[in-house]
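Asks: The lines below spell out each chain.
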Amino acid sequence: MNIATDAPAAAVSGSELAHESAPLHVSGEALYVDDVPLPSGTLHAALALSRIAHGRIRTMDLRAVRAAPGVVAVATVADVPGENNYGPVLKDDPIFTDDLVQYAGQPMFAVAATSHHAARRAAALAQIEYEPLPAILNVRSALAAGSFVLPSQSLRRGDPRAMLPRARHRLRGSLTIGGQDHFYLEGQIAAALPQENGAMLVLSSTQHPTEVQHLVAHALGRRAHDVTVRCRRMGGGFGGKESQPALFACAAAILAAKTGRPVKLRADRDDDMLATGKRHDFVADYEVGFEADGRITALVMMLASRCGYSADLSGPVNDRALTHADNAYFLEHVEIVSHRCKTHTVSNTAFRGFGGPQGMMAIEAVIDDIARRLERDPLDVRRANFYGVTERNVTHYGMTIEDNILHRIADRLEASSRYRERRREIEEHNATGPVVRRGIAFTPVKFGISFNAPQFNQAGALVHVYTDGSVLLNHGGTEMGQGLYTKVAQVVADELGVPLAAVRVSAADTSKVPNTSATAASSGSDLNGKAAQAAARTIRERLTAYACDKYRLAPEAVRFEGGRVVLGDAVTEFATLAREAYMARIQLSATGYYRTPKIHFDRATFTGRPFFYFAYGAAVSEVAVDTLTGESRVTRVDILHDVGRSLNQALDRGQVEGGFLQGAGWLTSEELWWNENGELKTHSPSTYKIPTAYDWPAEAHVELLENSPNREDTVFRSKAVGEPPLMLAISVFHAIRDALAGCGKTGTAPALSAPATPESILRAIAGLRSAGTAGPDSAGGGA
Amino acid sequence: MSGACDSIRFVLDGRVVEARDAAPTTTLLQYLRETLGRTGTKEGCAEGDCGACTVILGELDGERIAYRPVNSCIRFLPTVDGKSVITVESLRGPDGSLHPVQRAMLDYHASQCGFCTPGFVMSLFGLYLDAPRPRRAEVIGALSGNLCRCTGYRPIIDAGCCMADYPEPLAWSRRDAQSGERRALLDSLRRGAALALATEPGYHAPMSLDELARLYEAAPHSLLLAGGTDVGLWVTKQLRELPPLIYLGEVAELKRVREADGIIGIGAAVALTDAFAAIVARYPMLAELAERFGSPPIRNSGTLCGNLANGSPIGDVMPVLIALGASVLLRRGGATREMALDEFYAGYRKTALAPGELVAEARIPVPRPGRLVASYKVGKRFDQDISAVCGGYAIELRGGTIASARIAYGGMAAVPQRARRTEAALAGRPWSEATMASAAEALALDFRPITDMRAGNGYRLQVAGNLLRRFYLEHRDPEAPSRIGVFARTAA
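Chains as they are written, first to last, in my numbering: chain A, 1 to 783; chain B, 1 to 492.
There could be a bad hint or two in this list.
Stated by the list, open to error - Stretch-level coverage of chain B by chain A, calculated; a stretch enters the list once three of its residues show a Cβ under 8 angstroms from a Cβ in chain A:
| id | stretch |
| --- | --- |
| 1 | 34-41 |
| 2 | 45-53 |
| 3 | 135-149 |
| 4 | 213-221 |
| 5 | 385-395 |
| 6 | 417-430 |
| 7 | 468-479 |
Everything labelled a hint here was simulated from the structure, so no lab data went into it. On a predicted model such as this, the values are computed, not experimentally measured, just so you know. Glycine included, C-beta positions come from ideal geometry on N, C-alpha and C.
Can you build the whole structure from these sequences, using the hints too?
Replies: Now the structure itself:
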């Protein structure tokens, strides 16, 4: 197979074209759900959220709510015509609580009023008496109580318990990894518009229109064909609009069905942050055996995550943590157990990386601990453990890695970032005992591409060519800013040989392309690009067959390029051929379908090939840390990231840079904080701090790996890019650890918990400096 | 007063918009989106922390029009009376062409999901009008009130750095922004009498201090409104019903900054932007505090005196002003009194203000030779964060000895408060690291901070002490970076 030449020449794909909506973004003309003009008489809804973490509702008096100015209707569990559930996997997420409250912030009822403000004010007027029950609020308490939302999953290869005592060195460690709020700038929103004969049209800001469709239908007691869900664009998703939008869509639809009027439910930012799930926080406990060069010979690890009160997507999230607890490293003898803890907090959900980042954080901590113990450069220990290309290349879940380019990436980045020289400079700086210490770290990324569950790896598309040569594209993917609609349009433009301007993209719509998967798992372009390509190809082939027939040409003599069609020695406009084909009764509309080949997974043995391929990357971050306050700052980052053959370098670079900073926020300033009653107190941007422009490193060198087409047959040999770059930010966390390492005695690793807030950093420094106190990292014994 | 049929008038796209029956607590954002159908301006948080709602307000300032970004989500509509409002929809040229700011954002691929983009465009547009060729640090500063979750900011910063390279636009060039036509239109909105609205809960915008003092004394249950950067949240977040509003922003005497008799006087209607400009001109070491206070749109709306009168325990100007020995001038009816700022706070969000009494001016002593001054803010994020701990320091040295020390902290108690035991532990002692270390121990006697989402009590105490050490190190060796802000700047 010659993968350098088997892809067709792409004229549009591969160009640095602007996002299809960019002119609308910058002019304020892009319409989000809240901007769509709705019929007069539209009502505005608000959710009423519980105040306690766990308890029974003794009485709920809604008289004041109903009597409040502007209120038209109230919906409680009694008003749900069908199923009171928005859970995507298990039916354990009530739209409205019955009598059991399971987290502070849980929706209890919804109000529809004549204005947004009136609905919110009314929702606050309920008189509720609770009978509090004991609440489990964190992972450790849940582990102690044996409180789980799903059965634990374990995975073992080799015989790590036998190998541990035989290792030259051993250590034990522990890491706490915080959660993360998505903080999409556009909050959750849905508008439900009753249609004739019981149908419902829902405008939803969702990554998963099909799931919203089904859950709304179930809630209304209707069938799927009664509900149409449409989403033109989201103001950010990041996984937070995979399963969560159904709550808002269901509540709006229930009120719309009840009143017969359109209902818009736009969550206020605080309500959004209180009521919706976040990235799972994790704890990882591990014991590792290793050789003098740092090579791991045995690893036993426990991963436990806070799932919240219900399962939501916690099963697959934790599975991905398991399959990514190797990151880039070959673990010959390994045992990992994954606990899915049930707590009385919001149900955690998908978030860019989907458990992968937490698994990778755990193994990177293991590696760094080993390096500190051995007093070796952590990069050397990382490289000693890298997967091999032809040997040491089978993952702990039995997948042979066929596309390993880590060594190439590491070589190039190590050189281009001047990692070794800078490490020396930093050591010299730190040797003077400054207040502001510096640190540097290199971390790799290997991320599996495909949904873990094989059935989601399919997609459909619908392409129309009109008789004026214009093209309308529709597919099952959703646009949340990542540029999916631009990329898929590029692919279709190339397939039909027309300029990008000839292709109009249209909103994801369950009545156009049905049974779609979530736009998630970085798979949007891989799946929808291929499906749309197939649809466009069908039309092109029909046109070619027509032209061959009419002009007596061989198929090779017909070429579609630049908006024209070459017909042997003649050339005609694409529009002309389309018109002629219509007159000849050739169908100019086609569907396309794609399913990912090669993948399979056996859940019973937890082995198989869950991923079509891997995306790779690496980053070197340098930080400065103020040892008086614990404040830190990334001063430089060097990134080399693999996107295969890029469909659009501008968009891919945007994903890499944005993913990196979002990951850096997760690991530094973004702290979710619950009080002892289980109330989340960081529920708005005044208390929850995502990075600002100042936090982009003053010096940044971001490169996409060139001449690296995907080994597998993806669309134009590109690679997925949505999630993998987030994990480049693990280098920031490790650069901070590096800066702190010299604060204590040599051979000791900082016990730094994530996020590395100023407080977390000062705590780690204090731990290092308190002589005689053994940190968790120094507990294990050497051989 | 003009009576109940008075209306709010402002300029939008060269025309006067007249808002007749809007409630005074209607936000500018609500009015733009819901009444005018201009949905380009977005709501991201409704508390002035994300910047998706950023618009520009233009206001006559002598011969010029001053243009400044503000958060429309917490800005009450009547406060834009007499001003010009520029939204993202205003920027396209008469031929439909994009403004250079928009063009640069497009060319640098600076939008992804696009929801925050109108806010960024407007913040950059404010900078475009202000700075002919902005430096990178200025761009970053101008964007500190805008959150983007998609891009990592790099392309937005690049767009801001390059927007000046584009050809001058037909509309909204720097020159066009100051056109006679625009000034004449604003001039035509000048009022002869105060704006008064009868719609609930009622609104008065007196134009003189006497009128204001009289109104407030007569109706002490009213709520004084200046920038509204806190009061706005009482409506959008706490869903409170407000009492009648009295707006300070039209009172000419309160919009003044003066310096006389060793005092910098900051009037109650002076925006934080202008207040900080006056303070930093005399106290350059407070530049970082000024930059890190809120964000440009917040500083353009909010006032220094509002921050003082609001009495939040985590207001960032109080510690250093208390340390400097600042005072407030209070006015009630015809009577005035002056009170030291450190005596002004009576308890959590309680002040010494009597009913009907208002803060008319903040009075800050000018620098004194031999007195070292600093203020340090510590939070989870460098820009636009509420501090976990904020310290203000004014220490006078004589020879190698500390002659006097005034130290105050925010975030350590229910009010911004002096650290009197710590001050006592410093006074008369040698100026040394050991002195600072032993004084830091006295902090535990001065404060019993709480644990909340911003920080734990132990961290607060530890950092409050470490900041004393920073104060010493920074003055002992000004060349050695002792904080991230300075370090990052020298490293970059």
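Asks: Decide, hint by hint, whether the structure agrees.
Replies: Evaluated hints:
1. Given as covered by chain A, the stretch 34-41 of chain B passes the check, having 5 residues with a CB less than 8 angstroms from a CB of that chain where 3 are the minimum.
2. By the rule of at least three residues with a Cβ nearer than 8 angstroms to a Cβ of chain A, the coverage given for the stretch 45-53 of chain B holds, with 6 such residues.
3. Check on the stretch 135-149 of chain B: 8 of its residues sit with their Cβ under 8 angstroms from a Cβ of chain A, so the three-residue criterion for coverage holds.
4. Proximity of the stretch 213-221 of chain B to chain A, defined as three or more residues with a beta carbon under 8 angstroms from a beta carbon of that chain, is not established by the 0 residues found.
5. As drawn, the stretch 385-395 of chain B meets chain A at 3 residues by the rule of a beta-carbon pair under 8 angstroms; at three or more, the given contact holds.
6. For the stretch 417-430 of chain B, the assignment as covered by chain A is violated, since 0 residues bring a beta-carbon within under 8 angstroms of that chain's beta-carbons and 3 are needed.
7. Only residues whose C-beta sits within less than 8 angstroms of a C-beta in chain A count toward coverage, and the stretch 468-479 of chain B has 3 of them, enough to reach three; the restraint holds.
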